[in-house]
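Use the sequences and the hints to build the structure in full.
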Amino acid sequence: MHLLANDEANDRLHKAGPVVVSPAMQNAVDGRLQGSFEAPSQAPSMDHLDALEAQSIYIFREAFARLKKLALLWSLGKDSNVMIWLARKAFFGRVPFPAMHVDTGKKFPEMYEFRDRYGKEWELDLKIEPCPPLETIDPTLPPAARSAARKTEGLKLALAKYGFDGLIAGIRRDEEATRAKERVFSPRGTEGGWDVRDQPPEFWDQFNASPPPGAHLRIHPILHWTEADIWAYTKRENIPIIPLYLSRDGKRYRSLGDSDITNPVISNASSIDEILIELDRTKVPERSGRALDHETEDAFERLRVAGYL
Amino acid sequence: MKPKTPSNGCASLAISDRYELNAAMNMSVAPSTSSTPNGTTRPQVRIVIVGHVDHGKSTLVGRLLHETGSLPEGKLEMLQAVSARRGMPFEWSFLLDALQTERDQGITIDTTQIRFRTKSRDVVLIDAPGHAEFLRNMITGASQADAAVLIIDALEGVRDQTRRHGYLLHLLGIRQVAVVVNKMDRVDFNAARFAEISDEISAHLTGLGVTPSAVIPISARDGDGVAERTPRTDWYVGPTVVEALDALEPARPLEQLALRLPVQAIYKFDDRRIVAGRIESGHLATGDEIVVMPKGKVAKIKSIESWPVTPVNEIQTAGRSVGITLDRELFIERGDVIAHVGSGPRDTRRIRARIFWLHDQPLLPGAAILVRLGTKETRATVVSIEKAVDPGELSSMETQSIARNHVGEIDISLAQALAADPFTDNPRTGRLVIEVHGRIAGGGLVLSADAGQRAVPVNIVPVESALRPDERSARYRHTGAVIWMTGLPGSGKSTLARALESRLFANGGSPILLDGDTLRAGLNKDLGFIPADRTENIRRLAEVAAHLARNGHVAIVAAVSPAAEDRAAARRIADTAFREIYIATPVEICESRDPKGHYAKARAGALHAFTGIGNDYQPPAASELTIDTSILSVTEATDEIERMLVRSGILFDEFVDLAANI
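Listed in order, the protein sequences are those of chains C and F.
Under our numbering, think of the first position of the first sequence as 1, with each following residue one higher.
Under our numbering, think of the first position of the second sequence as 1, with each following residue one higher.
By construction, these hints were calculated from the structure, which means they are not laboratory data.
It is possible that some hints are incorrect.
[What the hints assert, rightly or not] Straight-line Cα separation of at most 30 Å, DSSO-like style, residue types lysine-lysine; simulated pairs:
(1) K89/C x K127/C
(2) K235/C x K161/C
(3) K89/C x K601/F
(4) K601/F x K69/C
(5) K601/F x K525/F
(6) K297/F x K235/C
Structure, rendered in structure tokens:
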């Protein structure tokens with residue numbers, strides 16, 4: 001299957017460096033020539049997506065300024081692709097830290113194809129880290145959660161290998177109830193665990209960025225975005241996507257995980273516009289296709305306390 | 001929207017009149033123009049629900065989600081099934097209590113965000129815990145909100161946490177508050193009981209400068225007054241909760257205020273040198289003349305950089321994360337604030353702030369803290385604490401320290417100058433947080449940004465040394481310091497100061513002796529011995545010593561400095577470089593030594609205001625070191641001082657690897 005091709009997006013993506021002339025700028029220049037030199041051009045008012053983008057860029061720059069060794073967790077899904085796009089905006093075209101794919105080896109072929117292509121085109125410092133076999137994982141977890149827990153273990157191995165003190169992850173508050181309780185800068189214990197009962201206060205965009213020795217921070221630059229925001233922004237910015245998100249034979253994936261524990265939802269949405277209309281009407285949760293969320297009422301919480309994203 | 005001004009005087013009005021007025025005010029929905037992803041134009045407003053534990057916050061949120069048709073499919077059924085399995089009756093609050101730990105304890109321990117829609121708004125509801133234990137989470141949640149709903153149990157009335165949350169809304173800068181009086185079913189929907197609570201809370205909030213936009217009687221459990229009016233509150237004419245939420249406004253970016261761009265970083269990924277940050281207020285454009293504070297250096301904006309299209313020519317307004325280049329190479333660093341020339345923030349090393357405190361250990365005068373203001377961080381010392389109270393208590397005793405979950409006003413001395421505004425001038429650059437051991441422990445509003453320090457006249461341009469402090473300390477093997485020796489005349493200050501000077505110099509250091517009497521012969525010869533002159537004498541000594549310390553030298557001050565207040569002032573000036581040594585030699589020994597013959601003269605009545613005979617010496621309570629020269633030899637005493645300087649990080653044995661510090 002070919003990757004979703006949006007010619008305009010690709011044209012822009014091939015050039016990571018600055019593009020010098022844009023229609024907006026041309027208009028501005030024309031405006032000046034017509035004698036409005038005193039007032040350069042109208043201040044564009046910020047819309048909802050502009051506000052989200054500005055906040056995410058702020059978080060990226062805070063993380064880069066305050067932590068020593070960062071990595072961005074690239075799950076290849078729609079959220080982490082938006083996240084990489086935002087990182088490139090924050091750092092003027094470059095992602096100045098590695099993009100790490102903790103690979104269960106069970107992703108969809110389209111996802112691997114996407115990774116290999118855009119890892120190069122976006123000039124990412126791509127690190128692909130394996131996960132340990134299922135037999136090594138806590139057998140008391142329900143089957144899908146146990147399978148997903150491999151990723152947590154893979155993450156711990158990668159942390160030990162590189163010594164990152166900050167991991168940037170693309171989780172969102174609206175995805176799932178426990179994620180709603182996350183901080184933007186979220187301290188993790190030395191074992192990667194999340195102590196939800198003892199989270200430090202976080203306000204006024206002042207972040208706790210001093211992990212104790214051996215521990216690390218999770219940084220969540222798109223915590224405040226919604227699923228609809230992600231799609232609207234993906235469309236506005238022409239960010240490439242994996243075609244599995246679009247409807248084929250009456251079904252599409254709303255959320256992409258391991259191929260054995262992720263199911264498509266019934267949908268006829270075959271474009272981002274149609275996805276946005278669908279989201280406006282649906283009451284079905286985004287992660288309904290993720291088997292691990294529904295096994296037992298606390299399975300997801302148990303995973304997250306142990307360090308799952 | 002002009003809110004009503006409730007007061008106890010309103011009680012004379014008929015209840016229906018009062019709420020008609022209220023309703024009319026609330027229905028004037030001002031248009032706002034932020035667009036949502038689906039292309040429609042709907043304002044998004046973030047609302048936090050606060051109040052005392054068990055007054056029904058989570059129940060109200062659950063009910064709101066249901067009434068507005070916002071629940072995910074199957075969620076209600078799932079939770080009803082869970083309740084049945086656990087053998088407990090279904091509660092609306094279960095919707096929010098998604099965490100295992102919460103269900104076990106029955107209280108919300110952290111903030112949850114829930115989205116739903118009213119007729120004209122996209123609402124993000126932030127449910128904040130009411131339990132006093134989790135005030136840090138309430139603050140985390142509330143700080144993200146544009147407006148607040150304060151919930152009160154009709155039976156219990158206004159409680160300590162109700163008042164505390166009201167106070168914190170004020171400190172967090174949230175000015176739009178709707179009050180909900182819940183559980184009206186438990187007081188038989190009694191109008192008089194409602195009026196009583198309404199008057200009490202309105203008076204409390206108004207006293208804090210927060211005017212409630214509505215006070216609404218409801219029963220969240222049964223649904224009365226949430227989305228629909230009911231006959232059970234037919235005496236009430238104001239808005240329902242949903243209508244009140246519809247009237248709340250999204251916070252507006254601070255475009256009308258002066259430009260403040262706190263610098264997050266300088267990027268040199270290519271040949272551009274980009275200054276990056278978020279515009280907190282005002283706007284900027286290419287060609288603007290800017291000043292970098294607190295350094296006061298001036299430049300012009302050469303370009304506004306972006307990606308994938310760059311440069312951009314549009315004016316950039318508050319809220320945007322931007323990158324700019326300047327027309328000249330200035331030394332700019334993270335923490336500086338860029339402003340327009342002529343409307344810059346204050347440059348200060350002293351701040352007075354009204355803060356809330358969240359740390360387990362109370363905040364004490366003299367505490368060493370880390371202050372974060374914008375992107376600037378600096379070490380600081382708490383000089384004094386006033387008006388420390390529990391905002392939950394009606395009449396709280398003032399204390400000398402700020403306990404956990406209490407508030408107070410503090411005077412802070414900063415190790416490095418920073419740029420700040422009083423919060424009344426700029427809410428963004430007028431607030432700070434305090435960190436202890438790498439964790440945020442409190443925060444608050446900047447009341448004033450000079451706290452009694454004289455302002456530096458604008459035409460004075462301090463010239464900075466060409467050397468960095470670490471370049472000097474690498475050579476001297478010590479950092480800059482002020483060693484302040486205080487004690488009675490004849491106690492041995494000058495002798496020890498000279499011995500210490502020789503010792504440090506012999507070890508390759510850069511000690512400089514500042515003897516009180518010696519400086520009185522020149523710099524301070526205009527000063528006498530009345531208290532005001534003594535204070536000025538100490539101030540000048542401290543300023544000179546602090547200047548030397550900032551440039552990497554060890555200034556050794558030997559001065560009687562009898563007044564504790566004057567020495568405290570000297571410590572503020574030299575800040576973290578200050579080390580006080582009390583030379584506690586008994587007065588009889590001092591008088592028997594009498595190296596300058598002063599005791600003899602004073603005894604003879606020839607010397608007035610002589611410290612020692614006049615008994616006006618105030619011994620230090622918390623000096624870094626105390627030495628009695630009647631017990632120790634000069635060498636032993638010098639050894640003691642040297643050990644203290646090693647312990648407290650002034651002297652170090654190893655050469656500092658300069659490269660590692662760059």
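To see whether the hints hold, each was checked on the structure:
Only pairs whose Cα atoms come within 30 Å are accepted, and K89/C paired with K127/C is accepted, the gap being roughly 21 Å. Only pairs whose Cα atoms come within 30 Å are accepted, and K235/C paired with K161/C is rejected, the gap being roughly 37 Å. The hinted pair formed by K89/C and K601/F fails the criterion: a straight-line CA distance of about 77 Å is larger than 30 Å. As the CA atoms of K601/F and K69/C are separated by approximately 68 Å, the hinted pair breaks the 30 Å bound.
Between K601/F and K525/F the alpha-carbon distance is near 21 Å, which keeps this suggested pair within the 30 Å criterion. Note on K297/F and K235/C: the hinted pairing is violated, with a Cα-Cα distance of about 42 Å set against a maximum of 30 Å.
Hints 2, 3, 4 and 6 from the earlier list are contradicted by this structure; the remaining hints agree with it.
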